[in-house]
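Just so you know, the sequences run in chain order A and B. Just remember that our numbering sits 123 ahead of the position in the first sequence, which is counted from 1. Just remember that our numbering sits 123 ahead of the position in the second sequence, which is counted from 1.
Where hints are given, some of them may not hold.
Any copy, or any two copies together, can satisfy a pair, since identical chains are not distinguished.
[Said to hold, decoys possible] The list that follows gives simulated cross-link-like pairs (lysine to aspartate or glutamate, DMTMM-like), each with its CA atoms no further than 20 Å apart:
no. : residue 1 : residue 2
1   : Lys172    : Asp210
2   : Lys382    : Glu360
3   : Lys366    : Asp210
4   : Lys366    : Glu221
5   : Lys451    : Glu416
6   : Lys337    : Glu186
7   : Lys382    : Asp356
Honestly, the hints are just simulated from the structure, not real lab data.
There are 2 protein chains.
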Amino acid sequence: MNALVLKTDTFQLENVITPTPQSNQALVKIHYAALNHRDQWIRDGQYAKIQLPAILGSDACGEVIAVAEQNNNHWIGKNVVINPNIDWGNNLHFQQKEYQILGMPSQGTLAEYIVVNIDRLCEKPNYLLDEQAAALPLAGMTAYNALFNKGNVQKHTNVLISGVGGGVAQFAFLFAIAVGANVFVTSSKQAVIDECKKLGAQDGANYTEKDAIKNMAKANGGFDVIIDSACGDGMNELIATLKPTGKFVFYGATRGLPKDLNMRAIFWNHLQLLGSTMGSDTDFKNMIALCNEYQIIPIIDKVFEFDKAVAAFDRMKDGNQFGKIIVKIQ
Amino acid sequence: MNALVLKTDTFQLENVITPTPQSNQALVKIHYAALNHRDQWIRDGQYAKIQLPAILGSDACGEVIAVAEQNNNHWIGKNVVINPNIDWGNNLHFQQKEYQILGMPSQGTLAEYIVVNIDRLCEKPNYLLDEQAAALPLAGMTAYNALFNKGNVQKHTNVLISGVGGGVAQFAFLFAIAVGANVFVTSSKQAVIDECKKLGAQDGANYTEKDAIKNMAKANGGFDVIIDSACGDGMNELIATLKPTGKFVFYGATRGLPKDLNMRAIFWNHLQLLGSTMGSDTDFKNMIALCNEYQIIPIIDKVFEFDKAVAAFDRMKDGNQFGKIIVKIQ
Numbered sequence: 124m125n126a127l128v129l130k131t132d133t134f135q136l137e138n139v140i141t142p143t144p145q146s147n148q149a150l151v152k153i154h155y156a157a158l159n160h161r162d163q164w165i166r167d168g169q170y171a172k173i174q175l176p177a178i179l180g181s182d183a184c185g186e187v188i189a190v191a192e193q194n195n196n197h198w199i200g201k202n203v204v205i206n207p208n209i210d211w212g213n214n215l216h217f218q219q220k221e222y223q224i225l226g227m228p229s230q231g232t233l234a235e236y237i238v239v240n241i242d243r244l245c246e247k248p249n250y251l252l253d254e255q256a257a258a259l260p261l262a263g264m265t266a267y268n269a270l271f272n273k274g275n276v277q278k279h280t281n282v283l284i285s286g287v288g289g290g291v292a293q294f295a296f297l298f299a300i301a302v303g304a305n306v307f308v309t310s311s312k313q314a315v316i317d318e319c320k321k322l323g324a325q326d327g328a329n330y331t332e333k334d335a336i337k338n339m340a341k342a343n344g345g346f347d348v349i350i351d352s353a354c355g356d357g358m359n360e361l362i363a364t365l366k367p368t369g370k371f372v373f374y375g376a377t378r379g380l381p382k383d384l385n386m387r388a389i390f391w392n393h394l395q396l397l398g399s400t401m402g403s404d405t406d407f408k409n410m411i412a413l414c415n416e417y418q419i420i421p422i423i424d425k426v427f428e429f430d431k432a433v434a435a436f437d438r439m440k441d442g443n444q445f446g447k448i449i450v451k452i453q
Numbered sequence: 124m125n126a127l128v129l130k131t132d133t134f135q136l137e138n139v140i141t142p143t144p145q146s147n148q149a150l151v152k153i154h155y156a157a158l159n160h161r162d163q164w165i166r167d168g169q170y171a172k173i174q175l176p177a178i179l180g181s182d183a184c185g186e187v188i189a190v191a192e193q194n195n196n197h198w199i200g201k202n203v204v205i206n207p208n209i210d211w212g213n214n215l216h217f218q219q220k221e222y223q224i225l226g227m228p229s230q231g232t233l234a235e236y237i238v239v240n241i242d243r244l245c246e247k248p249n250y251l252l253d254e255q256a257a258a259l260p261l262a263g264m265t266a267y268n269a270l271f272n273k274g275n276v277q278k279h280t281n282v283l284i285s286g287v288g289g290g291v292a293q294f295a296f297l298f299a300i301a302v303g304a305n306v307f308v309t310s311s312k313q314a315v316i317d318e319c320k321k322l323g324a325q326d327g328a329n330y331t332e333k334d335a336i337k338n339m340a341k342a343n344g345g346f347d348v349i350i351d352s353a354c355g356d357g358m359n360e361l362i363a364t365l366k367p368t369g370k371f372v373f374y375g376a377t378r379g380l381p382k383d384l385n386m387r388a389i390f391w392n393h394l395q396l397l398g399s400t401m402g403s404d405t406d407f408k409n410m411i412a413l414c415n416e417y418q419i420i421p422i423i424d425k426v427f428e429f430d431k432a433v434a435a436f437d438r439m440k441d442g443n444q445f446g447k448i449i450v451k452i453q
C-alpha cells in the first residue's frame, strides 16, 4: 500500500507492506484522513518519544474490508471512523501511563490501509460526507472533554472559545452552539469571526486589537468558561474576563508558558484553571452521539490529495487554517 | 476605650470613643484578638484601598455587654467569637463587590470594645480557652473553604499542606487531620514538621532541601490535593507531586507570581488550579461546627499583652511563627 512515511526531517510517499488483521482486529481502507497539530509537531521534532520512521495520522474515515474473526463479519463493508485512543485505561478522568494516540509509534491514518482493534471502530454518522467524518475523532473528542467534562458548558453558559480557527477550537465552538450556550469567539482574522457569527456566535473579538476581548466581555457580563489552547502571556487578559468562580479550561499551550500569571486575580475571584487533554473512550462515544443528535457539520479548511499531503502539513504549520485540514487517501 | 490605632507608618495605643450599638447591633468587650497577614500587609501599605487612621484586627473572642434591642438581651453576658465577614452576599461561592473584612475600613478587634451586627455573633466553642477561640475566625473560615469546598478533602485524601506554619495553613492541617485525611506538610523548620507529626501528619518535608517534597510524594503515591498560599516559583515543584486530576488549591501568593508555570504538565495530567479566598457566612458556621465536633484546638504561637501589640506585628512580619499570634486585650 502507499503510505506517507516520516523519516528524519522528510516525508516520503512510498510503498509499504499492507498490514493484516490479527485477533479482534479489522482492516480499514482509508478514504480520508485529517491532520492534527500533533502531526505537525512530530514532523518538527517537537513531541515526546518520537520514533522514526513513522506513519502519522490519528483521524480517518474509511471502509472495513476484512476482519480476523467470522463473528466480526458484520463490520465488513461498513463506513467507519476510528477512535484514536489506544489504551486510555479504566479511569474516565485521565489516561493511564500506557496511553497512546493512534499514529506514531503505531501506524497512523496517512496510509491506504490501517489495522485497528475492532473496539476502535465506530459507525460513520450517516448525515456526514466521508471527508467531514474524518475530521471528527481526535479534535472532537478533545473538545468534548474540555467543554463538557471540565467546563460543564450548558444551555445559556457564557463561553469564550479563543483562537477559534484551530481544529479542536472549532469543535468546542460547534458543540457549544449546539447545546445552546452563549458562544463568543476570538481570532486574529475578521473573516473567521464573521463566519462564526453566521454559525451562531453571539459576538467575536480580534485578539490583535487592544481591549477588544475586554470590551466584548464587559458588554456581555463576563464569561463563565473560557476554552483555550494558547496560554502564554495572553492568559492574564483572558482571566480578567471571567466571572467569579469562572473556569479557564485549556488543552494546549501553543503560545508557551505564561510569565507572571496573575494568581491574585485567580484566588480573589475563586477562578478555576482546569487542564484537559484528549478524552476517554466514553468521551469519544458521547462526542459521536452529540454529533448525530445535533447533526453537527465539521468545518473543513481544505482537502488535499494524498500526493500533496506535505502541502497539507505546511498549511497546518502556517496556522492560517479555519477548520480541519483533510487528506484524501483513496 | 484603648485601641491600637494605625496612622501613617506608625501604631499608637490611644484613647478613642467607645462605640455604641445601633439597631441590630451588639457591644462586645474584647478579651483576645488575633493577627492575620492582612493586618501586617496593611501596616506595610501593601493592601488595596487602605484608609488611615484605622483600628486593625479581624479576629476576636469577647463578651457581649450591651445590645440595642431588648429581644437581643439573651446575648448579654455570652462569650462569643465574631464572624469577620461584612456583606459577603448571597452567593455561597464568592463574595459580592461590597464585601469587606472586619478591621479597616471598619473598626477592628485591636480595641477594648467593638460594635458588630448581632448576626456576626457566634457562641464561643465551650471547650476552648478565650485565646484559642480568638484564633479561629478569619483563618479558620479561609482554611475551611479552601480545604473542603475547593479541595473536597475527605477521609483518606492525600493532602499536602505547604508552609504549615502559617495561620490559615495550620487550620487546614488540623481540619484535614480531623476528617481522617492522609496529611503531609512542608515547612522550612524541622521543629514544625516534628510537631505536625505528633499531631497526626503522616510525614513532612523541609522545602529548603532539594527533592525533599518530591521524595515524600513519591513514597506516598502523590497527592490528591495541595493547599498552598505561596505560589511563586515553587509551584512547578509542587504541581509535579499531584496525581492525575489532582487539585492545587491556593488562597495567597506570598512568594509572588510564578514564572514559566508548567501549563503542559497541568493539561496533560488534567490538574486543577483552584483559587480561594475567605469564605461565606455558611463556611464560617460550618467551620465552627467542625471545631465543636472534633474539639479542634488551634495552635497558638504566642500571646502578647495589648501594650506589646506592635511586637506581635513584628513577629508576624518576621514569619517565624507556628500558629496564631494572639493579643490579650482585657
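Against the structure, the hints come out as follows:
no.	hint	result
1	Lys172 x Asp210	within (17 Å within a copy, 54 Å between copies)
2	Lys382 x Glu360	both (12 Å within a copy, 17 Å between copies)
3	Lys366 x Asp210	between (37 Å within a copy, 19 Å between copies)
4	Lys366 x Glu221	between (38 Å within a copy, 16 Å between copies)
5	Lys451 x Glu416	neither (27 Å within a copy, 67 Å between copies)
6	Lys337 x Glu186	neither (48 Å within a copy, 49 Å between copies)
7	Lys382 x Asp356	both (6 Å within a copy, 11 Å between copies)
Comparing the model with each numbered hint stated earlier shows that hints 5 and 6 do not hold.
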